[in-house]
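There are 2 protein chains.
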Amino acid sequence: MIRAGYFQFKPQFGEKEKNLNQVLSGLCKAEADLIVLPELPFTGYYFKDRHEVMRLSENPKDSPIVDALTALCRKNNFFIVTGFAERAKDKCYNSALLIGPKGLLHTYRKLHLFNLEKRWFDPGNIPLSVQNVRGVRIGMMVCFDWIFPEVSRVLALLGADLLCHPSNLVLGYCQQAMITRCLENSVYAITCNRYGADSRRLGEIRFTGKSQIVAPKGILINRAPSGKNDLFIAPLDVSLSRNKRMTSLNHLFKDRKPARYKKISE
Amino acid sequence: MIRAGYFQFKPQFGEKEKNLNQVLSGLCKAEADLIVLPELPFTGYYFKDRHEVMRLSENPKDSPIVDALTALCRKNNFFIVTGFAERAKDKCYNSALLIGPKGLLHTYRKLHLFNLEKRWFDPGNIPLSVQNVRGVRIGMMVCFDWIFPEVSRVLALLGADLLCHPSNLVLGYCQQAMITRCLENSVYAITCNRYGADSRRLGEIRFTGKSQIVAPKGILINRAPSGKNDLFIAPLDVSLSRNKRMTSLNHLFKDRKPARYKKISE
Numbered sequence: 001m002i003r004a005g006y007f008q009f010k011p012q013f014g015e016k017e018k019n020l021n022q023v024l025s026g027l028c029k030a031e032a033d034l035i036v037l038p039e040l041p042f043t044g045y046y047f048k049d050r051h052e053v054m055r056l057s058e059n060p061k062d063s064p065i066v067d068a069l070t071a072l073c074r075k076n077n078f079f080i081v082t083g084f085a086e087r088a089k090d091k092c093y094n095s096a097l098l099i100g101p102k103g104l105l106h107t108y109r110k111l112h113l114f115n116l117e118k119r120w121f122d123p124g125n126i127p128l129s130v131q132n133v134r135g136v137r138i139g140m141m142v143c144f145d146w147i148f149p150e151v152s153r154v155l156a157l158l159g160a161d162l163l164c165h166p167s168n169l170v171l172g173y174c175q176q177a178m179i180t181r182c183l184e185n186s187v188y189a190i191t192c193n194r195y196g197a198d199s200r201r202l203g204e205i206r207f208t209g210k211s212q213i214v215a216p217k218g219i220l221i222n223r224a225p226s227g228k229n230d231l232f233i234a235p236l237d238v239s240l241s242r243n244k245r246m247t248s249l250n251h252l253f254k255d256r257k258p259a260r261y262k263k264i265s266e
Numbered sequence: 001m002i003r004a005g006y007f008q009f010k011p012q013f014g015e016k017e018k019n020l021n022q023v024l025s026g027l028c029k030a031e032a033d034l035i036v037l038p039e040l041p042f043t044g045y046y047f048k049d050r051h052e053v054m055r056l057s058e059n060p061k062d063s064p065i066v067d068a069l070t071a072l073c074r075k076n077n078f079f080i081v082t083g084f085a086e087r088a089k090d091k092c093y094n095s096a097l098l099i100g101p102k103g104l105l106h107t108y109r110k111l112h113l114f115n116l117e118k119r120w121f122d123p124g125n126i127p128l129s130v131q132n133v134r135g136v137r138i139g140m141m142v143c144f145d146w147i148f149p150e151v152s153r154v155l156a157l158l159g160a161d162l163l164c165h166p167s168n169l170v171l172g173y174c175q176q177a178m179i180t181r182c183l184e185n186s187v188y189a190i191t192c193n194r195y196g197a198d199s200r201r202l203g204e205i206r207f208t209g210k211s212q213i214v215a216p217k218g219i220l221i222n223r224a225p226s227g228k229n230d231l232f233i234a235p236l237d238v239s240l241s242r243n244k245r246m247t248s249l250n251h252l253f254k255d256r257k258p259a260r261y262k263k264i265s266e
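One line per chain: the protein sequences are U and B, in this order.
For reference, each letter of the first sequence is one residue, going 1 to 266 in the working numbering.
For reference, each letter of the second sequence is one residue, going 1 to 266 in the working numbering.
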């Protein structure tokens, strides 16, 4: 059993300190083992150009935000998966960080960049992997990764019990598709989506909220409203995600025919 | 443009001639290029044992059913994808056949057998492949194949415009999941499900109807009722399934990172 959930909120573009403070105050009384935050919750999303990303992004190993989140994890004795604009020398990545009471534990760099992100960020260069949080195996993916069934499949095959999915969704497809992801892989998924808009001179991008937790067999545990702060935490029973049986004779993983799937990794 | 659809009906267990006559009369006035029938529409589904499958199954190259369907295709100038209990010497397969005015064109043998089917049938031993029907590339899959995202993915990567999906569904998950399949692959899918029950001394299995056609981007074109005959044919524009763009900078297939998906075919 793990107590896990999300904190949906509305970042303000470029206001890193204000956004961090929203998270710190939003989570200050949270009782949980693991909380997922949205994609890019500190910088905001709608960058002018790559130059602006470089200016706003941080090296997680030298970041006041990561330090503050680590202190929060220590105080509340939980873990956080958060989106993060990651600077690495002359590269920048749309990343997700796993942070715990002892600091940064893992960085995932978004593999499948959405639209203008291709101009702003470098594509991920770290293999998909699974991290252990209090005996629960979590797999990190970011936003648009959802549309590629391979991402959640690889994470589940690596043993993920729970997909942690920071998002800045603008379309309405993802929430239903994540139900399919949880059904086909028999895993949990926490999609934490931001809401509100980034309004800039360039234009405006609106985000759709409706963060959610889905259980194996595609059961929706909770879905947030589209335009309100929402902190939601639920106890998740990982014995369910470790049971890949669909019927007494069917096992979602043992029934797979990998030799017939070669085309997928060619 | 292809006019394609499904004929949902209620087979009676073991009544091959009656079931064939239902299809012949149901389709006698159909104007279409391609019609999908349910899984195992001639034998019915709930077999007592493998022995009974061997008795009721037929070699498609020596089958009065295939001959009659070929004559129907010739008369109405269309193609049929139908489920079929296929006998091949001492093996039997839960197959889908593509039949046209000139006869049998392709056999797909279900790769992922559901529950008791494992006792009745041999698993498929023919690679997934795509067939050309009047310039449209169709991919055949059968029922429970839907839960393995690899099946529709491989078919789409092979160029399928349209998934033809004969089914005998007993659960309620598939229809929504097929919407995700069509979204993630930007393909059409026709799921033809039977309805009614096979009531036998052993017990009863009920089937759920709700056959459907889904368009790329996951748009539901039509869904049948759960317990009524339904012949539905729609014009499908395959230029939509050949457009894999999600945004001006995103292409569902070119954005894939096959090197990161190795685990799937291991």
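No wet-lab data here; the hints were simulated from the structure.
Hints may contain errors.
A pair counts as met if it fits within one copy or between any two copies, since identical chains are not told apart.
[As the list claims (entries may be wrong)] Below are the DSS-like pairs computed for lysine-lysine, each with C-alpha atoms no more than 30 Å apart in a straight line:
#1 217 / 48
#2 75 / 91
#3 217 / 244
#4 102 / 118
#5 257 / 244
Fair warning: this is a prediction, and the values are worked out from it, not measured in the lab.
(message) Within a copy, between copies, both or neither: which one fits residue 217 and residue 244 at a CA-CA cutoff of 30 Å?
(response) The answer is both: 10 Å in one copy and 29 Å across copies each meet 30 Å.
(request) First find the shortest C-alpha distance between residue 257 and residue 244 inside one copy, then the shortest across copies, and answer within, between, both or neither for a cut-off of 30 Å. (result) So residue 257 and residue 244 pass the 30 Å test inside a copy (15 Å) and across (26 Å) alike.
(message) Please sort residue 102 with residue 118 into within, between, both or neither, judging by C-alpha distance up to 30 Å.
(response) The answer is neither: 33 Å in one copy and 50 Å across copies each exceed 30 Å.
(message) My question is about residue 75 and residue 91: at a cut-off of 30 Å on alpha-carbon distance, are they close within one copy, between copies, both, or neither?
(response) neither (32 Å within a copy, 64 Å between copies)
(request) Have a look at residue 217 and residue 48 and pick one of within, between, both or neither, based on CA distance no larger than 30 Å. (result) Cα proximity of residue 217 and residue 48: across copies only (29 Å, versus 41 Å in one copy).
Figure legend: structure checked against the earlier numbered hints; hints not met, in rising order: 2, 4.
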